[in-house]
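Protein chains in written order, with numbering that gives the first Met the number 0: chain B, 0 to 281; chain E, 0 to 447.
No lab work stands behind these hints, which were simulated from the structure alone.
Computed from a prediction, not measured in an experiment: that's the story for all the values here.
Any given hint might turn out to be false.
[Stated by the list, open to error] Far from chain E, by Cβ distances over 10 Å, these chain B residues were calculated: (1) Asp31; (2) Tyr58; (3) Gln96; (4) Ile180; (5) Asn184; (6) Ala187; (7) Ser209; (8) Gln243; (9) Gln248; (10) Asn258; (11) Ile279.
[As the list claims (entries may be wrong)] Using C-beta positions, here's what the derived DEER-type ranges look like: (12) B:Arg45 / E:Ser35: 24 to 30 Å; (13) B:Gln29 / E:Asn47: 19 to 25 Å; (14) E:Asp175 / B:Arg45: 37 to 43 Å.
Glycine included, each C-beta is placed from N, C-alpha and C at the ideal position.
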Amino acid sequence: MKKIIYLITVLSCFLIVISCNSDDGVEASQIDTSTPQLSELDVWLRDNFVKPYNIEIQYKWNENEVDLNRYLYPPTETNVKPLLEVVLAVWVDPYTQLGGKDFIKTISPRQFTLVGGFNFNPSGTITLGLAEAGTKITLFNVDQLDLSDLALTRRYFQTIQHEYAHILNQTKPFDPAYGEINPENYTAQWFNRSIAEARELGYITDYASSSESEDFAEMIATMLTTSKTEFDAIVNGITSTEAQGIIRQKEQMVVSYFNTEFGIDLYKLQEIVNQNTLDIIN
Amino acid sequence: MNTKILTKISFYLLLVLLVVSCNSDDDETIFDETPSKRIDSRISELKNLLLASSEGYRTVYFPNNEKYGGFTFFMKFKSDGTVEMRSDVDAETSVTTGAYEVGLGSTIELTFSTRNQIHKLSDSNIQGLIGTGYEGNSNFQYISNEDGKITFKEPRHNAILVFEPVANQDNWAQVDESLAMRQNLVPTATTSVFQQFIVKTPSGQTNYNLNYDGLRFYAGPRNQAVGGVVSEINFGIAYTPQGLIVNPPIELDGVTYETFTYDAAQNIFVSKIGDNEASFGFNDAPAFITDDYKDLGSSFGGFVYRVSEGVNPLTSAGFDAIIAQVNTNIAGFGITFNTLEMYFEPNASGQVRFWINTPNTGNIWSSFFFELELKEEKMFLTYVGPGNANGTFLEDELQPLLDFLLSTDGIYFETKGSFSTSTTSYSNTSGTFTSAQNPSQRVYGFLF
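Could you put the whole structure together from the sequences, leaning on the hints where they help?
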């Protein structure tokens with residue numbers, strides 16, 4: 000018996016040794032790893048987004064990055080840089096100024112996908128932007144952006160502020176008490192409501208009346224696309240004093256969320272974003 | 000004993016099978032190179048092909064031939080990753096430049112990666128085609144190369160695109176010619192509202208109503224034989240400088256029609272295959288007349304056309320011109336045309352009375368008496384005279400409208416489902432009346 004074990008051991012050793020018979024060495028990769036052709040825009044993107052903030056800007060068409068059930072197209076190349084300069088001015092710079100230079104780098108989407116055309120939903124509404132899993136923001140209508148139109152530009156950048164608010168929430172959740180302020184009128188059919196109607200119910204926009212997380216994001220986005228005076232005028236313009244009170248309460252919660260979680264004064268942030276937006280339009 | 004033999008045979012058989020099954024075929028080489036190298040070489044093959052035609056390529060792209068027509072594109076690929084394009088999708092036919100990429104998707108694909116002419120087909124924001132546009136795509140799978148002609152497949156609707164090398168850049172101007180060709184199927188104030196698809200074979204002729212959709216560039220000709228059998232053909236249209244091509248090709252009785260040439264003299268598009276001919280364009284009469292006219296005065300007591308109830312394209316530009324003329328005639332009285340009401344049930348003296356309202360602040364109704372006859376599958380009216388004082392007073396001014404009603408060749412009538420316009424919808428059945436004497440004149444309204 001011992002002999003058999005001995006034999007097996009010798010045989011195994013032999014097999015192990017001959018199996019180590021030298022093959023060809025590892026060769027260079029067969030996959031093409033050379034740097035792709037970079038346009039002037041690509042170089043600018045690397046310098047302004049990839050290197051400082053680790054954010055990839057995907058402006059070239061990749062069907063896997065968008066909903067295959069929608070009919071969309073890539074943006075016009077010349078519209079990409081002007082749009083992104085505004086992204087820097089109204090989103091990256093203000094947060095960097097107040098939150099520190101690594102704020103955006105630490106908490107930010109890793110990828111922006113830019114789409115030229117309209118994204119129509121079956122309900123007839125238009126989706127301006129999407130945030131996925133806190134890592135990716137898709138912006139639609141890039142080709143329709145007119146930077147000389149304040150209302151349109153603000154509406155557009157409300158999308159970024161809104162989606163970024165979601166990303167902040169995914170990093171630091173907001174107080175669940177927010178959703179208990181006036182949950183009774185949240186509805187999936189929010190688009191049947193006008194903005195004015197929503198405000199009378201205590202929601203800052205029609206979309207805010209869809210759910211508590213959208214409500215929270217819309218509060219932030221609305222504040223960051225208006226000046227303090229304009230925001231106050233919106234709230235004071237609401238007929239129902241109860242609704243006014245609700246919105247003021249939400250405003251307080253959003254402000255304290257920024258203060259406690261990130262040490263950022265939201266009113267100061269609002270001021271910088273507003274000033275930078277006005278600078279671009281003029 | 001038998002079992003033993005059988006066992007033996009089985010054993011040897013198994014042995015033989017075992018031995019031959021071990022026959023090695025591993026040394027057969029199917030591919031010379033590794034997958035990554037083969038992918039790379041196919042990518043460079045396509046890149047080189049795209050650059051091979053110095054004046055670029057021409058292709059006709061039918062994004063979805065079950066719903067839409069096709070469009071012509073001229074493209075010139077450059078080694079810096081950009082591509083110049085012209086197309087006849089819309090009036091902006093001048094050259095645009097965008098990026099393109101060749102890479103591996105589900106197979107080797109050509110992607111138009113930044114906006115260019117071709118993306119007009121995937122624009123969801125076209126009025127009437129909201130959410131879909133023409134269902135176009137941005138990436139195309141490389142299939143084959145035959146003498147410099149490159150074939151691609153669009154993955155969503157399986158559209159086939161063939162890129163044909165262009166000899167001369169001057170040819171690119173053809174997009175303006177094909178765009179102009181499109182106008183030959185668009186109704187104007189003077190063209191007939193009837194468009195037919197006519198097939199002539201040695202054994203006879205079949206007429207179809209064309210049912211052309213000028214937004215989708217799609218036709219669905221329908222034919223209704225005497226027995227009530229309905230047959231329908233569907234095809235998309237792509238205009239060319241000489242005429243048009245249809246996709247899918249029309250197959251009738253073993254004959255395939257694909258290329259149609261424009262005959263300017265007759266204002267029709269014709270395709271001749273041997274003794275067979277298919278053609279379409281404007282015609283003086285519909286391909287078939289339904290029995291709807293029999294319901295006038297029985298199922299339908301009356302008809303109303305009211306300007307204030309919104310617009311429906313079934314009211315033709317030719318009829319709008321009549322109303323414009325009436326309005327010019329009565330402008331001096333400070334009134335405008337609003338309503339035409341027809342009542343088909345005769346009074347005691349066998350006459351019908353129609354009313355026309357030309358209000359200012361209040362209604363001003365003029366009435367007229369006619370004798371009505373249903374014959375030759377049409378409605379014929381004979382004028383009797385004014386039916387009230389307003390009718391007598393405004394008879395001359397309203398004459399263009401009376402002339403329409405008094406068409407010497409009669410009036411075609413057809414029902415059109417429930418009533419709907421740009422601003423109004425009723426559950427009432429709607430219908431059209433078309434002058435047979437001047438078939439550019441058609442009015443749409445509701446019946447009751």
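Quick rundown of the hints versus the structure:
1. Asp31: Since the minimum Cβ distance to chain E is about 6 Å, Asp31 (chain B) lies within 10 Å and the statement is violated.
2. Tyr58: With a cut-off of 10 Å, Tyr58 (chain B) comes too close to chain E, as the shortest Cβ separation is near 7 Å.
3. Gln96: Given that every Cβ of chain E is farther than 10 Å from that of Gln96 (chain B), nearest at about 32 Å, it holds.
4. Ile180: Correct as stated: the minimum Cβ-Cβ distance to chain E is 36 Å, above 10 Å.
5. Asn184: The claim holds: Asn184 (chain B) sits with its nearest Cβ about 28 Å from chain E, beyond 10 Å.
6. Ala187: Holds, because the least Cβ-Cβ distance between Ala187 (chain B) and chain E comes to about 19 Å, which exceeds 10 Å.
7. Ser209: At about 21 Å from chain E, Ser209 (chain B) clears the 10 Å cut-off, so the statement holds.
8. Gln243: Given that every Cβ of chain E is farther than 10 Å from that of Gln243 (chain B), nearest at about 37 Å, it holds.
9. Gln248: 39 Å, holds
10. Asn258: About 42 Å separates Asn258 (chain B) from the closest Cβ of chain E, which puts it past 10 Å; holds.
11. Ile279: 23 Å, holds
12. B:Arg45 / E:Ser35: 24 to 30 Å: Holds, at about 26 Å.
13. B:Gln29 / E:Asn47: 19 to 25 Å: 20 Å, holds
14. E:Asp175 / B:Arg45: 37 to 43 Å: 41 Å, holds
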